[in-house]
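J.: Sequence:
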Amino acid sequence: MPDRYQVPEPMAAFDATMADGTVLRVRRHGNPDGPRMVLSHGNGQSADGYYPFWSHLTERFDLFVYDLRSHGLNPVG
3 MPDRYQVPEP MAAFDATMAD GTVLRVRRHG NPDGPRMVLS HGNGQSADGY YPFWSHLTER
63 FDLFVYDLRS HGLNPVG
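Using the working numbering, you'd call the opening residue of the sequence shown number 3 and step up by one each time.
Hints may be right or wrong, so weigh each one.
[Stated by the list, open to error] Label-pair distances were calculated between CB atoms; the ranges are:
no., residue 1, residue 2, range
1, T24, H58, 29 to 35 Å
2, Y52, T24, 17 to 23 Å
3, M13, V78, 25 to 31 Å
4, F55, G23, 30 to 36 Å
5, G36, V78, 21 to 27 Å
6, A14, H58, 17 to 23 Å
7, G23, E61, 33 to 39 Å
8, P10, S42, 14 to 20 Å
What the hints contain is simulated information worked out from the structure, not anything from laboratory work. The C-beta atom is built at its ideal place from N, Cα and C for all residues, glycine as well.
My request is simple: use the sequences and hints to build the entire structure.
T.: See below:
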């Protein structure tokens, strides 16, 4: 796969625990001085699969990307 589609290491990553105990992995990319934007994905995908699209937002926005429950980098459950 071309390098332009390889998701870079995030500036930060953390786990967000929901009220029911579900853990969602959140990754931060982009411009920490820019306006914040939260992104996710469609069913059966992962946020990293959309990197070719959201990579164009990293210069302007402070991006927080996460995967839906039991998708991508999250534990099943």
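J.: Quick check: which numbered hints come out false for this structure?
T.: 5
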